[in-house]
Amino acid sequence: ERATLGELRPPAFRVVPAVPLLGRPLVESEEQAHAASVAVIGEALWHSRFNRDPRIVGRTAAIGGEAHTIPAVMPGGLGFPRNEASSVA
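To convert, take the position in the sequence shown, counting from 1, and add 587; that gives this note's numbering.
One or more hints might be untrue.
Said to hold, decoys possible - If you anchor each label on the Cβ, the simulated ranges turn out as follows:
hint	residue 1	residue 2	range
1	P662	R642	12 to 20 Å
2	R639	R611	12 to 20 Å
3	H621	G663	26 to 34 Å
Note that these hints are calculated values from the structure, not bench results. The C-beta atom is built at its ideal place from N, Cα and C for all residues, glycine as well.
Input sequences plus hints: build the corresponding full structure.
Pasting the structure below:
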C-alpha cells in the first residue's frame, strides 16, 4: 500500500494541537543516532492497512523497505509536512 510520508522531530509534538488516538508523541531519545526507527501513523492508514488494530502501538511495520516501530496513531486531518509516497507493509 502506498502512503504519503512526512518527517517530524519530537519538538513538533509540543506545538501540534492534537493528541494521539493511540500511543504517545515522539520523545527526544528517538532522535538520537543510535535510536531505532519509529513512525507515527495517521488514522486513515491505521484504518486501511492495520484494520484499526488497537494493538498497533509498539508493533513494527516496513515503511519504504525499512522497519519502523509505531509509537502512535494520530487523528485524521492534521496538516503535517509531506514527502513523496512510499510503500507500507
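To see whether the hints hold, each was checked on the structure:
1. In this structure the hint that P662 and R642 lie 12 to 20 Å apart at CB holds, the actual value being about 18 Å.
2. Range check, R639 to R611: Cβ separation about 18 Å, and the 12 to 20 Å hint holds.
3. For the hinted restraint 26 to 34 Å between H621 and G663, the CB-CB distance of approximately 33 Å keeps it satisfied.
Going through the hint list in order, the structure satisfies each hint without exception.
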